[in-house]
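From first to last, the protein sequence lines are chains A and S. FYI, the numbering for the first sequence is 1 to 262, going by this note's numbering. FYI, the numbering for the second sequence is 1 to 394, going by this note's numbering.
Please keep in mind that the hints were generated in silico from the structure rather than gathered at the bench. Among these hints, one or two may not hold up.
Unchecked claim - DSS-like mimics (lysine-lysine), calculated; alpha carbons at most 30 Å apart, straight line:
(1) A:Lys-145 / S:Lys-267
(2) A:Lys-255 / A:Lys-49
(3) S:Lys-66 / S:Lys-48
(4) A:Lys-260 / S:Lys-3
(5) A:Lys-207 / S:Lys-269
(6) A:Lys-180 / S:Lys-66
(7) A:Lys-52 / S:Lys-252
(8) A:Lys-260 / S:Lys-269
(9) A:Lys-146 / A:Lys-180
(10) A:Lys-255 / S:Lys-265
(11) A:Lys-145 / S:Lys-263
(12) S:Lys-66 / S:Lys-100
(13) S:Lys-265 / A:Lys-146
(14) S:Lys-267 / S:Lys-288
(15) A:Lys-260 / S:Lys-267
(16) S:Lys-263 / A:Lys-151
(17) S:Lys-330 / S:Lys-267
(18) S:Lys-299 / S:Lys-138
(19) A:Lys-33 / S:Lys-299
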Amino acid sequence: MNIIVCIKQVPGTSEVEVDQETGVLKREGIDSKMNPYDLYAIETAIKMKEEKGAKISVVSMGPPQAAEIIREAYMMGVDEGALISDRVFGGADVLATSYTISQGVQKFGQYDLIICGKQTTDGDTAQVGPELAEFLGIPHITNVKKIVAVKEHSIIVDMDMPHAVQTVEVNYPCLITVEKDINQPRLPSFKRKLATKNQTIPMYSFKDFSDQNENNYGINGSPTRVIRIFSPEANNDREMWKDTPDVLVDRLTNKLKELKYV
Amino acid sequence: MAKIVIDQDKITEPETILELCPFGALEWDNQYLSINAACKMCKLCVKKGPAGVFTFIEDEVVTVDKSQWQGIVVYVDHMEGNIHPVTLELIGKAKELAAKVSYPVYCLFMGHNITGKAQELLQYGIDEVFVYDDEELKDFRIEPYAAVFEEFINKVKPSIVLVGGTTVGRSLAPRMAARFRTGLTADCTVLDVDENTDLAQIRPAFGGNIMAHIVTPNTRPQFATVRYKVFSLAEKTSPTGKVTFCTIPKEKLVSQIRVLQVKPKEKVKSIEDAEVIVVAGGGIKSAKDMEMLQVLADKLGGMVATTRPLIEAGFADPRLQIGLSGRTVKPKLIITCGVSGAVQFVAGMDSSDNIIAINTDENAPIFNVAHYGIVGDLYKIVPDLIERLAQGNE
Chain A
1 MNIIVCIKQV PGTSEVEVDQ ETGVLKREGI DSKMNPYDLY AIETAIKMKE EKGAKISVVS
61 MGPPQAAEII REAYMMGVDE GALISDRVFG GADVLATSYT ISQGVQKFGQ YDLIICGKQT
121 TDGDTAQVGP ELAEFLGIPH ITNVKKIVAV KEHSIIVDMD MPHAVQTVEV NYPCLITVEK
181 DINQPRLPSF KRKLATKNQT IPMYSFKDFS DQNENNYGIN GSPTRVIRIF SPEANNDREM
241 WKDTPDVLVD RLTNKLKELK YV
Chain S
1 MAKIVIDQDK ITEPETILEL CPFGALEWDN QYLSINAACK MCKLCVKKGP AGVFTFIEDE
61 VVTVDKSQWQ GIVVYVDHME GNIHPVTLEL IGKAKELAAK VSYPVYCLFM GHNITGKAQE
121 LLQYGIDEVF VYDDEELKDF RIEPYAAVFE EFINKVKPSI VLVGGTTVGR SLAPRMAARF
181 RTGLTADCTV LDVDENTDLA QIRPAFGGNI MAHIVTPNTR PQFATVRYKV FSLAEKTSPT
241 GKVTFCTIPK EKLVSQIRVL QVKPKEKVKS IEDAEVIVVA GGGIKSAKDM EMLQVLADKL
301 GGMVATTRPL IEAGFADPRL QIGLSGRTVK PKLIITCGVS GAVQFVAGMD SSDNIIAINT
361 DENAPIFNVA HYGIVGDLYK IVPDLIERLA QGNE
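Chain A with its partners taken away, still in its complex shape (with noise of 0.2 Å):
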């Protein structure tokens, strides 16, 4: 069984400010982590490859520093990986995003399974998953919660609905997006650490694609455009209470009084 993971570097902290004098974004020490729910993919793929035997491989894109995450993969127990990168897909949109995705994972060859995470903890859209698969043309199901059994030609799951658990058998090939109480991630081992120190990182770029229309990559293929970033209003019927803690309460008990929720 081939299962492909993709896994995204996120910012280390989501503290972004705007400089309210030059508009310019404010990013201070820009350090890096693995998206925190790509790791409950990365260990679903290692579960099942210690259950029934498979060979996993990450993707990601972005930045040569992105690099990192892949390396944090292979310590986890991930056998391959590679990179997209390329100025050309600089810019680039969920729908480019995931298109471009869609072409490096055809350099892996023929696949039964892919898993992300459910979501980033940088923009937070929960696209890519069902974008990639809808490129690839398989089906997908999002919100999985638990593996419930893995078979040869297929996959059933739990999806975890608002007021509902949908228990439902997938074939191959398809994609599943994963909660993050699927499982419980494992660290990085040190024993791996040494065992795959020396494993390449291959890194695709534009020229490697199948697809070698430039129009269908980067900010060129992305329908959306961000017109303006602004920092968040604020209020202005507020009031601010400083005072001492005594007082303070006084005047909230009065405030709840009045909101007649005492």
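Start from chain A and add chain S according to the hints.
This is chain S only, laid out in the frame that chain A set:
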């Protein structure tokens, strides 16, 4: 082909230039400035950089004939005919937008044995409800649902498609956007429409304290998802629209997915339905301190919810998380305790009727959205408040 080109001869201070890019996409190597794959095409280097160094070049783009795409459609989210209230919220917004550009408002309703429910939608002033009723559509499976959606879009050619940010909506909308090679903006918090029928979509972006205004200028339809409790419910009016029954060839409804079981969940009261919410933020030092907030919530007849870091620390059930990666809430009263107010969190609660924030840092962004900002230590204020409320009840 749009791109940013660099005039190497005009570079005088490479160090300052490198700092222009918040994404670290500029590289200075061997006296040569280049842009790497981290570029997000935000064009800040063009706007803020020294004159002439960066130039943005965009070719004529092929634009769709927008007059061929008319109307706003709301996808009807439901389970066995029980319509999810986010649908009614989207209908309310759709009508508001449609009035500005003289568009009709449609509903797309697919499932099995849902015919009776379609009539009910007309009372919200829908011009036309398109119903696809087929036993293959009984349970949600991506391929048949996507096939119906595609059939509908090709037939009606709507300009704007609004989908609720539910599990089904977040699975279906991206699939459709990719099929039509068009834009989808997830979890919009504000929607408006320009005179040229472009949908103005506003949402938090770049994972930080920033809002982005996003448009889909050259393609149609324009897809947007919006979460439950972001907009207000549509008001009822006297029905004037009609229900149209549509069919789709069976062979288009084939699927690789078999639904083996649908097991209803135990009814737990969700924070979305609470009228009063007390929120625990990063100022909460340990899991046991959650009890104190629970006592306060009980006194006010409400529920306790939390921010993402507390969920990650294991302090509470993930279903209690407010924010972009959790739930969106719109209670009558929300009291945040030790919450700093990251935009991801604020986007999930800022339309609440009354927001009271308690935080020690008077510069915390939560105070920008709070109606009543209390600068103080929650460990002093909350216990005292509980005591006062207890006295009041005696």
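Here is what the structure says about each hint:
1. Of the supplied pair hints, the one linking Lys-145 (chain A) and Lys-267 (chain S) holds, its CA atoms being roughly 18 Å apart against a limit of 30 Å.
2. As the CA atoms of Lys-255 (chain A) and Lys-49 (chain A) are separated by approximately 58 Å, the hinted pair breaks the 30 Å bound.
3. The hinted pair formed by Lys-66 (chain S) and Lys-48 (chain S) fails the criterion: a straight-line CA distance of about 34 Å is larger than 30 Å.
4. A threshold of 30 Å between alpha carbons decides the hint, and for Lys-260 (chain A) with Lys-3 (chain S) the separation of about 58 Å lies outside it, so the pair is violated.
5. Annotation: proposed proximity of Lys-207 (chain A) to Lys-269 (chain S) is violated, straight-line Cα distance about 53 Å (limit 30 Å).
6. A threshold of 30 Å between alpha carbons decides the hint, and for Lys-180 (chain A) with Lys-66 (chain S) the separation of about 41 Å lies outside it, so the pair is violated.
7. Among the hinted pairs, Lys-52 (chain A) with Lys-252 (chain S) is inconsistent with the structure: their alpha-carbon atoms are about 34 Å apart, more than 30 Å.
8. The hinted pair formed by Lys-260 (chain A) and Lys-269 (chain S) meets the criterion: a straight-line CA distance of about 23 Å does not exceed 30 Å.
9. Only pairs whose Cα atoms come within 30 Å are accepted, and Lys-146 (chain A) paired with Lys-180 (chain A) is accepted, the gap being roughly 10 Å.
10. The straight-line distance between the Cα atoms of Lys-255 (chain A) and Lys-265 (chain S) is roughly 38 Å, outside the 30 Å bound, and the hint therefore fails.
11. Simply put, Lys-145 (chain A) and Lys-263 (chain S) have alpha-carbon atoms about 14 Å apart, close enough for the 30 Å limit, and the pair holds.
12. The straight-line distance between the Cα atoms of Lys-66 (chain S) and Lys-100 (chain S) is roughly 16 Å, inside the 30 Å bound, and the hint therefore holds.
13. Straight-line distance between C-alpha atoms of Lys-265 (chain S) and Lys-146 (chain A) comes to about 15 Å, which keeps the hinted pair within the 30 Å bound.
14. The suggested pairing of Lys-267 (chain S) with Lys-288 (chain S) holds, with an alpha-carbon distance near 26 Å, which does not exceed 30 Å.
15. With a C-alpha separation of about 28 Å, the suggested pairing of Lys-260 (chain A) with Lys-267 (chain S) holds against the 30 Å cut-off.
16. Between Lys-263 (chain S) and Lys-151 (chain A) the CA atoms are separated by roughly 22 Å; this keeps the pair inside 30 Å, and the hint holds.
17. Pair hint Lys-330 (chain S) plus Lys-267 (chain S) holds up; C-alpha atoms about 20 Å apart against a cutoff of 30 Å.
18. Annotation: proposed proximity of Lys-299 (chain S) to Lys-138 (chain S) is violated, straight-line Cα distance about 43 Å (limit 30 Å).
19. With a C-alpha separation of about 41 Å, the suggested pair Lys-33 (chain A) and Lys-299 (chain S) falls outside the 30 Å cut-off, and the hint is violated.
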